[in-house]
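Colleague: Now for the letters of each chain:
2 protein chains.
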Amino acid sequence: MKHGGDILTYRHLYDGRIRDFSSNINPIGMPFGLKEKILNGIKELTKYPDIQYRNLKSEIAKYLGCNAGNIIVGNGAVEIINNISFMFNRVVVVTPCFSEYIERPEIFGKEIVKLPLDEEFEINIKLIKETISEGDLLILGNPNNPTGKRMKENELIEIHETIKEKNAFLLLDEAFFEFCPEDYDSIKLFSDSEDICIIRAATKFFALPGVRLGYAFTSKTMVEKYNRIALPWSVNTFAEIAAEHIFNDQHYITSSRDYIAVQREYLLSELRGIENIKVYDTHCNFILIKLLDDNEDNIFEYLAKKGILVRKASSFEGLDNSYIRVAIKDFSDNKYLVNALREYQQWRKQRITQEA
Amino acid sequence: MKHGGDILTYRHLYDGRIRDFSSNINPIGMPFGLKEKILNGIKELTKYPDIQYRNLKSEIAKYLGCNAGNIIVGNGAVEIINNISFMFNRVVVVTPCFSEYIERPEIFGKEIVKLPLDEEFEINIKLIKETISEGDLLILGNPNNPTGKRMKENELIEIHETIKEKNAFLLLDEAFFEFCPEDYDSIKLFSDSEDICIIRAATKFFALPGVRLGYAFTSKTMVEKYNRIALPWSVNTFAEIAAEHIFNDQHYITSSRDYIAVQREYLLSELRGIENIKVYDTHCNFILIKLLDDNEDNIFEYLAKKGILVRKASSFEGLDNSYIRVAIKDFSDNKYLVNALREYQQWRKQRITQEA
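Line order of the protein sequences matches chains A and B. For what it's worth, UniProt numbering labels the leading residue of the first sequence as 1, then goes sequentially. For what it's worth, UniProt numbering labels the leading residue of the second sequence as 1, then goes sequentially.
Treat the hints with care, as some may be off.
Same chains, same names: a pair is fine if it fits in one copy or spans any two.
[Claimed, not checked] The list that follows gives simulated cross-link-like pairs (lysine-lysine, DSS-like), each with its CA atoms no further than 30 Å apart:
(1) Lys306 x Lys110
(2) Lys312 x Lys47
(3) Lys220 x Lys312
(4) Lys312 x Lys225
(5) Lys47 x Lys166
(6) Lys188 x Lys126
(7) Lys306 x Lys43
(8) Lys2 x Lys43
(9) Lys47 x Lys62
(10) Lys152 x Lys164
(11) Lys349 x Lys305
(12) Lys43 x Lys335
(13) Lys47 x Lys306
(14) Lys43 x Lys305
No lab work stands behind these hints, which were simulated from the structure alone. Since the model is a prediction, treat every value here as computed from it, not as a measurement.
Produce the entire structure from the sequences given, and follow the hints as far as they go.
Modeller: Below, the structure is given as C-alpha cells:
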C-alpha cells in the first residue's frame, strides 16, 4: 500500500458506499461549474494540448501571483518531483515523507540521504544544516505528508539560507498549501530565488486527482532546464480546460479552506477523546495517528469491513506498523469515522479481556 | 518545430479556420458517443485513477486480443518510449524517425546509434544485423514516421530473429497501426516473445491527442520491470473512461480505416500530378514529400498564409530542409491542400521567371 485512494483493491470487503479516508482530497468535491466547462471543451480533445502550455501557465501564474515564465507544469506533482530529482546527484529527504521523494531519485540511481524528523515529527534544522552540501537537492513537504505539519516561516527561511550558502537546491512540495492556515506564502518569500522550486497541485485542494495537474513556481533558469527534459504534452487537454475555471472560483477556494478548518478542529478534538491512540497536530487536511499497543492491520481490517478506508502508514519510511493516516472529510463522514474508531476500541478491549 | 500540431504558434498568420496537416490525426474526429460517456464520468475525477489500471488494461487487452497481464499503459506513447529507453544502455534507431526515439534516451545519457534508411526510405536489414549487439534496444516505427512506410511481415520477422540471436530488445512503435492495410498483426506474430514491446495509441487513430493514452503489448517480465519505474497515475481518469468506449466502436474503426484508404489514394494521385515535388509511398495517414529545388520555409510560409499548416521535416534527423510531411485529412481539406500546392508551384514559377 504505497499510496492511498486504492478503493478497487478493497472493494470486496464492503458492500455499500466506501468512505475513502486514505486519500487526502477536498471533501467538497470539484468546483461547481467545472462540469459545464469540460463539456464545452470535449471537442478540444482532437487537438494536441499546447506543447508550450501558454494559456495554462498564464492561468496558473495569475492564481499564484507570479510570472508565467516562472511556471512549470506536470502530470501531477509527482512528475515534477521525478524530473527535478533527475537533475541532481544527491537527494536529501526527511523521514517520514511522501514515498515518491525517495522512490523517484532511487529509480535514477541517485544517492539518497534520509534524515529523521524528531519524535514529534518536527523538522531538525541543525541536522539539515550539517548534512547539505554543494549541489544537493533537498526535498521537503510543506506541510509534510504523512505528518501534516507545515514549517514555520522562520524555519523555512533558515533552511533556505543554508541552501543558498551551500549552493544546493530546495524542492518544496506544497501540494496541500491551500488547506493550511494563511500565514505566509513561500512563493512571495522566494520570488527572486534561483535555488528553489515550489510545487502546488490541483489534485488535493480542487479535488481533481483524476485530471492530473501539477504545477510549480521556480526560477527561469530552472524552467529552461526543466523544459529540456520534460515529456511533450504531459498535461492533458482536460487539465488545461479545468485550469481556466478552478483558479477563478474564489468562492470555492474560500469556503473549502473554511470548511476544512472547522472539520479539522472537530476531528482533532473528537479523536483526542478516543482511547489508545495518539493524535498528532496537523495544519492541513489529514491527521497522523499513533496506535498505542496495536497495529495498522487490525484497525485497517476492522474499518474496511465498515466501509472505511484508512491509510496504513508503515509504507512511509521511518514509521513502523503502529500508525495510520486519515483524511479530513465532510462532517457526516468524519462523525462516522469517529464512531467507528470508538467502537473499534470497545471491540478491542472486549477481545483483549476475553483472551486474558 | 520538433512536433506537429502547434497551431497556436502560427495562429497569427491566418484569420480563418486553420487546416492542420502537421499532426496526423484521424480526420473523422473522435468516436461518436464518447462525449456522453465522458459527461457521465466527470464525477470520477474526484477519485484517483486506479493505480493498477485494471479496467483500462482489460479493455485494451480485449481490443488487442491478448492478456491484460501483457499490457502497459502510459501518458501517450511517448511516455512508454521514454521509460523503455531508460532501461537500456545503448539504443539503435534508423533515421529519419520520430524525434523522441533519439531525444528520450539522449536525456538519460544513453549511447545512441543512428542507422540511415536507404534513399527510398526503405529499411536496411543488413545494416541492422551488423550493428545490433547484446543488450541493445532497437526502436523502430512501424509504419515509420515521417516516411509512412510499414515493414513487410518477413522483414519484421527477420529483424526480430536478429534481436533474439543477439539477446537484444525491440521496441516497435505502431502508433499508426489502424490506419494501415490489414496485412499482419505484430502482436499475433510475437505473442510469446520476451524481447519485444509493441506500442499502440489512442492519439492518432481515435483522434484523441488531448486525452493522452498510450499502451503497449509486451512480455510479463517487461510489464513487471516497467511497473517498477513508471510514474504512479500517469494515465488520467478521462483516458480510462474513453477506453471503455472507443475500442468497442467497431463501426468507427472500420469506417475510419476505409475512409483513410480512399483519401490516401486520392491525395497520392493528385499530389503526384503536381510539379517540382516527389511524393513517397505511404501505408498510413501521412505523406512525405520532397521539394525539388526548393525549401520547407518557402512552402510553409505560403501555405500558412492560406490557413494550411504542414510539417517542416528538417527537424527529423537525416532529412535536410527540402522535405515536408502532410497528414491525410478529409476530402474537402485534402482538395484544399492540393489546390494550394498547385497555386504555390504556379506562384513560384512566376517568381523565378520574374527574378531571372
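Colleague: Are the hints correct? Go through all of them and say.
Modeller: Verification of the hints:
In this homomeric assembly, Lys306 and Lys110 never come within 30 Å of each other (Cα to Cα): the closest approach is 42 Å inside a single copy and 51 Å across copies. With identical chains, the CA atoms of Lys312 and Lys47 are at most 30 Å apart between copies only, with a shortest distance of 19 Å across copies and 41 Å within one. When the C-alpha separation of Lys220 and Lys312 is checked against a cutoff of 30 Å, the pair qualifies only between copies, where the shortest distance is 29 Å, while the shortest distance within a copy is 39 Å. Proximity of Lys312 and Lys225 under a CA criterion of 30 Å is satisfied inter-copy only: 26 Å between copies versus 37 Å inside one chain copy.
When the C-alpha separation of Lys47 and Lys166 is checked against a cutoff of 30 Å, the pair qualifies neither within a copy, at 45 Å, nor between copies, at 41 Å. Within a single copy, Lys188 and Lys126 get their C-alpha atoms as close as 25 Å, which meets the 30 Å cut-off; across copies the closest is 60 Å, which misses it. Taking identical chains as interchangeable, the C-alpha atoms of Lys306 and Lys43 lie at most 30 Å apart only when they sit on different chains, with a minimum of 24 Å there against 42 Å within one chain. Within a single copy, Lys2 and Lys43 get their C-alpha atoms only as close as 36 Å, which misses the 30 Å cut-off; across copies the closest is 25 Å, which meets it.
With identical chains, the CA atoms of Lys47 and Lys62 are at most 30 Å apart both within one copy (25 Å) and between copies (27 Å). In this assembly of identical chains, the alpha carbons of Lys152 and Lys164 lie at most 30 Å apart only when taken from the same copy (19 Å versus 59 Å across copies). With identical chains, the CA atoms of Lys349 and Lys305 are at most 30 Å apart within one copy only, with a shortest distance of 18 Å there and 79 Å across copies. Within a single copy, Lys43 and Lys335 get their C-alpha atoms only as close as 42 Å, which misses the 30 Å cut-off; across copies the closest is 24 Å, which meets it.
For a Cα distance limit of 30 Å, the shortest separation of Lys47 from Lys306 across copies, 20 Å, qualifies, whereas the shortest one inside one copy, 45 Å, does not. Taking CA atoms no more than 30 Å apart as the test, Lys43 paired with Lys305 passes between copies only; the shortest distance there is 25 Å, against 42 Å inside one copy.
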